[in-house]
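Engineer: If you're matching positions, the sequence shown starts at 1 in this note's numbering and goes up one per residue.
Think of the hints as simulated: they come from the structure by calculation, not from any bench. Quick caveat: nothing in here was measured; it's all calculated off a predicted structure.
What follows is a list of derived Cβ distance ranges for each label pair:
no., residue 1, residue 2, range
1, Asp-313, Gly-156, 39 to 49 Å
2, Thr-376, Glu-298, 15 to 25 Å
3, Asn-208, Thr-376, 40 to 50 Å
4, Arg-320, Val-278, 22 to 32 Å
Yeah, the Cβ is synthetic: ideal placement off N, Cα and C, and Gly gets one too.
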Amino acid sequence: DIEDEETTGEVSKNPDLSTLYMLQVVSRAIDISLAKELKNLLFGSSLCCFPEEWKIQSFTFNNIPQLKYGIVQKKGGPCGVLAAVQACVLQQLIFADSNRNKDTRCLQPSEVHRTKCLTVAIADILWRAGGNEKAIVALPSGRQQFTPVGKYKADGILETLILHSATRYEDLIVFLQQNIHQFEIGPCGCILLTVSVILSRSINLVRNDFDVLTNRLIGSHGYCTQELVNLLLTGKAVSNVFNNVIELDSGNGNITILKGITSRSDIGLLSLFEHYDVCQVGCYLKTPKYPIWLVCSESHFSVLFCLEKDLVDDWKTERRFDLYYYDGLANQEEEIRLTVDTAQMCAEDKENDLTPPLEHCIRTKWQGAVIDWNGTEPIL
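All chains should be built: construct the whole structure from the sequences, respecting the hints.
Structural biologist: Next up, the structure:
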């Protein structure tokens, strides 16, 4: 087994840095105790394993010319992780360079540029989870680091992990640049990111984020829970999508605290559950810092975004605007661009099954808006 060791003296020729860079990353092998804790947090039991849909999923980009920015999902299950990463990649592609704003060419990146955006997106997700002061990157070593015994079921992935800790953002970026193929090509980049974001936050803090200590990050059918999506988007694995906290009087002097989002998120969320009055998405997610939203609809997450940052900063831009929609699982073959007109009013029939769920989600933020699919067949 590998003991704690500091990787120093490793000089990196990072193309983004003008000088040679001395990388400082501390590496250690996973042990059975930590692997058990991870599985309990993920599945509720150390006898569970990652579903096959997770084991074959990395962050591989689409090669359809109009969709080169998109990450392709192979099978259902890890869509919450993929959509969160997709949203953060779009944040880098569209808004990292202010000159690219409002220019559709940013949606046709070179392979090198989209990989760079993926690198920064993953770094930001992990650094945010680590409280902007640390991050842990979990990578496979190709061999077992402990012998699976007792109440632990091996899955061939967790047992092989080496955990690499960085306490400077620059180190994290350089280390990820050197290892981005593990996430982009895989085969199990989705699992690596999930483990990395948990450990960057820490198992104890993730569990304390939950409303109920026995909550999980991966639910039935291998779907991501809201806690995992919130961890990726905000750095905290809280259980709800409303603003701040709600205190409920349970009687006998007992107060139940329900935790929500505590500050304006970079990336937002729109939910079909809100259309059906099951939940209420707070403005910290509904009006994020960037006009990019995860769309939660019928047990699936996809992404909706706008090229104009003013959409979330200046209400006057909300009169009429374009939103782009991307679903990595839908075998999408062309760009989907919706025009949203809030100056007109659409009489919405909540009982009408022929209204596309995506329109219901959009109208949770822009109530009664008229939505034009611009020639694309509406997704029912």
